[in-house]
Amino acid sequence: MKKETILAIITAIIAALFFYAAYSKLMDYDKSRDQMNNQIFPSLISSILTWLIPTIEIILMLGLLFPFTRIKALWASLALLILFSSYIGLIMTGIFGRIPCSCGGILENMSYGKHLIFNLFFILIAIVGLGIENNKWLNLLNRKERANQFR
Amino acid sequence: MNKLNIALKSVNKIGLFAIALVAFAAMAFTPAKSNSVAQKYGYDQANNQWVLIEGKTMDNSGNPAPGTYRCDASSETCSGLFSTPPTSGSSIPDSGTTLDGDFSLN
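Chains as they are written, first to last, in the UniProt record's numbering: chain E, 1 to 151; chain C, 1 to 106.
The set of hints was computed from the structure by calculation and includes no laboratory data.
For glycine and all other residues, C-beta sits at the position ideal for the given N, C-alpha and C.
You may find that some hints are simply not true.
[To be verified] What follows is a set of in silico ranges between Cβ atoms, one per label pair, in the way DEER data are often shown: (1) E:ILE45 x C:PRO66: 39 to 47 Å; (2) E:ILE82 x C:LYS13: 45 to 53 Å; (3) C:VAL37 x E:PHE66: 41 to 49 Å; (4) E:SER86 x C:ILE6: 33 to 41 Å; (5) C:PHE29 x E:ARG143: 42 to 50 Å; (6) E:SER86 x C:ALA25: 22 to 30 Å; (7) C:ASP72 x E:PHE118: 44 to 52 Å; (8) E:LYS136 x C:VAL37: 56 to 64 Å; (9) E:LYS3 x C:ALA23: 22 to 30 Å; (10) E:GLY94 x C:MET1: 29 to 37 Å; (11) E:LYS144 x C:LYS9: 22 to 30 Å.
[Unchecked claim] Below, simulated DSS-like cross-link-like pairs (lysine-lysine); rule was C-alpha separation at most 25 Å, straight line: (12) C:LYS3 x C:LYS13; (13) E:LYS3 x C:LYS9; (14) C:LYS56 x E:LYS72; (15) E:LYS2 x C:LYS13; (16) C:LYS40 x C:LYS56; (17) E:LYS144 x E:LYS2; (18) E:LYS72 x C:LYS40; (19) C:LYS3 x E:LYS72; (20) C:LYS13 x E:LYS3; (21) E:LYS2 x C:LYS9; (22) E:LYS3 x E:LYS72; (23) E:LYS144 x E:LYS3; (24) E:LYS72 x E:LYS136; (25) C:LYS13 x E:LYS136; (26) E:LYS136 x C:LYS9; (27) C:LYS56 x E:LYS136; (28) E:LYS3 x E:LYS114.
Construct the entire structure; sequences and hints are all you get.
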């Protein structure tokens, strides 16, 4: 399979994930707000995150669809997924004294452990995507260097 | 305009297909909202949770009847109506349906 096709599939999977995440939050905004209030953040931060997270997810979804924004969107996706996973990891340690709900569409039926594995899978494919993308640029640079040598 | 055309032509078609598929599945598997009547819940401050008190009556007397609840004078939230059952203690009742007081079951 061509690298470009693999990259298109990887970005499609991550874009679909962000679409679903944003869709499930925006379609039931009241529930999403309640679930965010159930998290460990102060109410002001919770109210900001309620709309900020789906907004970021939509921007990343769009970024992943276009070739000229794909690398930046992949890096940002990786950062966001790592941030989410770190939060889940911290929750699982019990550092905050209570375990808030593991919310968000189909994910609300998952335990935090399963949620973490789910996120790690997407982190892994984002890393693979970035690896392929960077290799592609590296190959392009090498080809240019070789072309310059023969001039 | 030309740039927009180029951008639209270069869009990840697999990505568009995946998003359309997820949108279709999400809509297809989302149950329709039932036209349920709002139910009354009392806010149990000690356990930070909402307790269903639909059908129960308030009794703030010194000798309350069993199966009732009380809302002692306080600026805290005692009870509220929920069109959809509360998911947590921080769930917010339907607008304008809250009653102040310290909630407890008799």
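Pairwise hint evaluation, LYS13 (chain C) against LYS2 (chain E), where the allowed Cα distance is 25 Å at most:
Answer holds: LYS2 (chain E) to LYS13 (chain C) is near 16 Å, not above 25 Å.
So does SER86 (chain E) sit 33 to 41 Å from ILE6 (chain C), Cβ to Cβ?
38 Å, holds
For LYS2 (chain E) and LYS9 (chain C), compute the direct alpha-carbon distance and say whether it is at most 25 Å.
20 Å, holds
Do the alpha carbons of LYS3 (chain C) and LYS13 (chain C) lie within 25 Å of each other, as the hint requires?
18 Å, holds
Verify the proposed pairing of LYS3 (chain C) with LYS72 (chain E), using a straight-line Cα cut of 25 Å.
19 Å, holds
Take a look at whether the Cβ-Cβ distance between LYS136 (chain E) and VAL37 (chain C) falls inside 56 to 64 Å.
For VAL37 (chain C) against LYS136 (chain E), whose Cβ atoms are near 59 Å apart, the range 56 to 64 Å holds.
Hinted pair LYS13 (chain C) and LYS3 (chain E), Cα distance within 25 Å:
Cα-Cα ~16 Å, so holds.
Run the distance test for LYS3 (chain E) versus LYS9 (chain C): straight-line Cα separation, threshold 25 Å.
19 Å, holds
PHE29 (chain C) and ARG143 (chain E), beta-carbon distance inside 42 to 50 Å?
47 Å, holds
Falls inside 44 to 52 Å, the C-beta gap from ASP72 (chain C) to PHE118 (chain E)?
At roughly 45 Å between Cβ atoms, PHE118 (chain E) and ASP72 (chain C) fall inside 44 to 52 Å, so the hint holds.
Holds or violated: LYS72 (chain E) with LYS40 (chain C), Cα cutoff 25 Å?
Violated. LYS72 (chain E) to LYS40 (chain C) sits at ~49 Å, over the 25 Å cutoff.
Is 45 to 53 Å a correct range for the gap between the Cβ atoms of ILE82 (chain E) and LYS13 (chain C)?
28 Å, violated
In summary, the numbered hints that this structure violates are 2, 10, 14, 18, 27 and 28.
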